[in-house]
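Engineer: These protein sequence lines are chains A and B, in that order.
Residue 499 in my numbering sits at position 498 of the first sequence, with consecutive numbering throughout.
Residue 606 in my numbering sits at position 605 of the second sequence, with consecutive numbering throughout.
I should point out that these hints are in silico values taken from the structure, not numbers from a laboratory.
Nothing false has been slipped in among the hints.
Some chain B residues well away from chain A (every beta-carbon gap over 10 Å; in silico): (1) 85; (2) 308; (3) 506; (4) 522; (5) 528; (6) 533; (7) 542; (8) 561; (9) 621.
Quick partial rundown of chain A residues pointing at chain B, CB under 10 Å, derived from the structure: (10) 219; (11) 221; (12) 390.
C-beta atoms are modelled at their ideal positions from N, C-alpha and C, and glycine is treated no differently.
Number of protein chains: 2
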Amino acid sequence: MAVYLHDIPLDQAQARLREALEEAGLGGVLAEEYIPLDERAVGRVLSRAVWARISSPHYHASAMDGFALRSADTREAMPTAPVSLLLGSQAQYVDTGDPLPDWADAVVPIEQVEALDSADQPAADPRKPQAIRLRAGLPPWAHVRPMGEDIVATQLVLPAGHTVRPVDLGAAAASGHTHLWAARKPRAAVLPSGTELIPVGQDVRRGDIIEFNSIVLAGQVNTWGGEAVRFPITPDDFELLCARVQQAADENDLVLLNAGSSAGSEDFSARVVERLGELLVHGVAVRPGHPVILGMLRRSAGAAQPERRVPVVGVPGYPVSAALTGEIFVEPLLSRWLGRGAFQPIEVEAALTRKVTSPAGDDDFMRVVVGRVGTRLLAAPLSRGAGVITSLVRADGIAVLPRGVQGLEAGSNVRVRLYRAPEELERTVFAIGSHDLTLDLLAQHLAERGRRLVSANVGSQGGLVALRRGEAHLAGSHLLDPDSGEYNLRYLGQYLAGREVRLVAWVNREQGLLVPKGNPKGVQGLADLAREDMRFINRQRGAGTRVLLDYHLQRLGIRAEQVQGYEQEEYTHLAVAAAVASGRADCGLGVTAAAQALELDFIPLFHERYDLVIPEEYAQNELLKPVFDLMQDAAFRREVSAMPGYDVSVMGRVIHLGSIEPAERA
Amino acid sequence: MAVYLHDIPLDQAQARLREALEEAGLGGVLAEEYIPLDERAVGRVLSRAVWARISSPHYHASAMDGFALRSADTREAMPTAPVSLLLGSQAQYVDTGDPLPDWADAVVPIEQVEALDSADQPAADPRKPQAIRLRAGLPPWAHVRPMGEDIVATQLVLPAGHTVRPVDLGAAAASGHTHLWAARKPRAAVLPSGTELIPVGQDVRRGDIIEFNSIVLAGQVNTWGGEAVRFPITPDDFELLCARVQQAADENDLVLLNAGSSAGSEDFSARVVERLGELLVHGVAVRPGHPVILGMLRRSAGAAQPERRVPVVGVPGYPVSAALTGEIFVEPLLSRWLGRGAFQPIEVEAALTRKVTSPAGDDDFMRVVVGRVGTRLLAAPLSRGAGVITSLVRADGIAVLPRGVQGLEAGSNVRVRLYRAPEELERTVFAIGSHDLTLDLLAQHLAERGRRLVSANVGSQGGLVALRRGEAHLAGSHLLDPDSGEYNLRYLGQYLAGREVRLVAWVNREQGLLVPKGNPKGVQGLADLAREDMRFINRQRGAGTRVLLDYHLQRLGIRAEQVQGYEQEEYTHLAVAAAVASGRADCGLGVTAAAQALELDFIPLFHERYDLVIPEEYAQNELLKPVFDLMQDAAFRREVSAMPGYDVSVMGRVIHLGSIEPAERA
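Same shape as in the complex, but just chain A:
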């Protein structure tokens, strides 16, 4: 069974493609075109430098509304000894921008003269007087924009390779251009293939995969200055696929063939490339994204430019792999064809919030969220799964763990290639801790107030640890102290003793058991978890909900080993609900809203308070101000109340403010 032909390192794969392109005469700007100079030229890349054809201004121009004159005639003018000039022979009215008469070498602004019709008679029309009177002399070229002040003919206005901005169009027009030489937009065909795929908009059934990689790839191509052409989905039919790929190659500069790039039973891409051209690379040692194919296709004899070779990228099917393949292979290719020089990402150094492992043989493209907490820039790794497209949506950047690196400890510095301006990271609120569904609502409202909420769900205790390490601005927490019945305070003493902390109540919420609609197994309470026919889905260690469960199991005398699925952990209420909804488990412990979201039945068991723990240094910071504002915002409180099982009467109440006393382990 063929696995990948051969995984080769990324730089080798890139070099092979580069060489093949150069051999095929496709190593530089693909073609140029002479485009009209108008607003549609914005974003185009200049294939030739713009040199000034004419000067700007192209004549000596008045810089003011006033009167053109000979400066020599005004030399004697003094406040007490004015000089009068006759209109016509000695002075002439000019508007701003008007050319200076040949005989003039200066302009006096209209507000600096007395306009006269006779010796002491103010002019009826101040722009058409008989004479003007000045009480100060003018140096030569006063209030004149001399020819070439802005641009002198023949000078460089814009270099080749420059991406046109609106103001550039002004400078090019001012220097006498009516058109610009720009690189032609490379045309890229995007072909999705796979029998299991359905297009966006079609009804989704079990086993169907919604095809969106072609939309993402087409969006990337267009964003990077190309012109994408999306083909319809081709089912897994080798001959049909060959025909479509040939058509794509005949009509386009580049072919992106999505999925089928692996070595599975219906992975035809490599064979298609071999049939229609040359297979250069099958397998690149990057993660995610392994099964990348690079090749060069021939055009049909009947196609335009039949001798032209057309590069093809076999793009892996997993959405994160697909998008990253675009960034790694397609963007540099388009940049080269546009002559703009490859995109140079902005990089920052940031400290990892947790330990990561990485396969030693691969360049590992890890998606991270980046934010500043205090003085430190932190990188929190997102899901590593190639299928988790939300990891790219949420990512602030990519940290590449190079081949040879097998892992990094928490706190290690990594270089992050940013997707956002570094300044945007300064508006990021890092919430690490317990998961609650109202955090999504908070994120939406914060976005409207210029803040980005990034929440990592590590459980209540994990959040307190993150605060202690200085890795979060705030933590959601609902840790019950069984002795006192109080929430969180004792745990604060355990994790944050000596720190100045504000503990603010957020919501009261209901916890209970989530079971499938109709409660088919007749679950009534926690005692049912010990039943032999019951598969439970648990929350991770350190989660407040887990603490709650363990406390009550202990009270009921149920041991963990008696609960089937106790070791199956999820990190959020919604994930627990999803596990129940999909039949993976028979029940789980979670909040009402999660049950309702996935249309499950809910057996209410407890009420609990969920708080926000905020170190005082951040509580007083401008960054978090919108969080506090929202706690008082009627509309926001209304929206939270509308979620099932939530009560906002406590929201914003300060439970504790000030230094934290040490406490015993609860």
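Go by the hints and put chain B onto chain A.
Structural biologist: Chain B only, in chain A's frame:
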């Protein structure tokens, strides 16, 4: 004579517009539309949050090509004690992405099993064996992407106000969306007006002004997410202008009326706004850009939504003022209508390279070039003229000198709102010193090599001063030592004693007198400068060409007072040539290439060497490597040689390397 109605501070002007918009119900998102989820949605701003409709995956999916099975069946499998599972009842082949059968809870990858047709017979088709043999157990949910791994139904996928990127489309599609709610693109009419204007492409005659502000403004509108509609040029005809503006208001969300916003004889804009609606502001205390008009127009009775008010911005005619008016007033308005939150520029702190003055009453928007020299970030002010659009083309950012500040000393820190990513500034080569036409060619070639050459023409001596102050990476210099006949070395001793410097020859070039075609005044040499009928145009103090002139005038016994125009200074060879070409002067001293560029006659007088002075710390820096590479580059040398009067035989020769000895003033 009415000057501006009343210049008010910028924040007041903005507040007046904001209030008027809110009164008219135009303070928020203008309208929304339900757009198809495809690549054309990239760049659109979401008017509603995207919440997941379905989970992704929406079923338990195999993460590998392999066999679905019950993990419990594999519990006993060991390397020495394999377990066999029968296809059909105990195992089922699945491709990556296929749904797991209901009875299965794990997948074993195909490469981890032995596929058998009988007890010891490998399967003919490894995907359709009779049985599979495993030598290791699998935990539950191994190699399975459980339902909701990426997205759980109901969770927040994208917040409202978010600008759509390609990957966002993938996440929205994966979560069950086929369309997105996006803010409708605001339509902005751009109306150029003025009898002196001609459109791009028409033959240019003296007094004509090429109309390009409408192109710049339309480009800005489109870049900022609006949809610009450019109107043809309207001549200065009040009634016609009223009709056109009314039409624009009837059909659009915003009207940008360019020029005529001042108070000159044909400045109709304010009157047009008063006739068709309400004039809110006439004159804003910003520089450049003063005569800004803000108002609200009424629609005609017959128009769509006749009760709608339409804001109008009267945009000043000077190109820099026009573009900045776009940034200051139009961008925030479009952002508000799109619901995206105003653009937050990236700001850096940089030290001014020279003293600047500023009118106390205005917010002064000063264009600056920003670059890093050594450890310091420097801001070099560009031309302040409102007509100098190249100042915006060349600008890396804007430093606002707020009202009340009348000027700043060289070295003062200013905050710069950047137009570029701060990282791009690190690729900027600062060349301050003598002007030479080959620097444009160098700039073009450096651009192809990922460097941006920023050159400030302050003359040879000015360049050495800049190097001494640590404000440049290199300086062009051609300072003749009359005693030795050598170039530059003595001046280095004067300005840079004790510094490690590399002095590298760049070109030999020809200097001479530039005179109009045909040499109408019969100029033969420098002696003619003393003639009464001769108007000279000079270079600025500290320029090498000025040093050369002064030396030779002294030898000829000609005093400065005898030379008419001696005090008229220009900063570049091309500017001198332009002054001669335009008739402002009868002759000037400059290089051959400048004469040829503007088709002047040239009287050759001297040959001189033009060097690059480079502190050793920068000479060894990666930043300048392309400069040294180019000196050896055959194609580049050929291009320089092709310019008239240039000889590259010396290019790259190191004249001096190492510490500079102090020297007496030359």
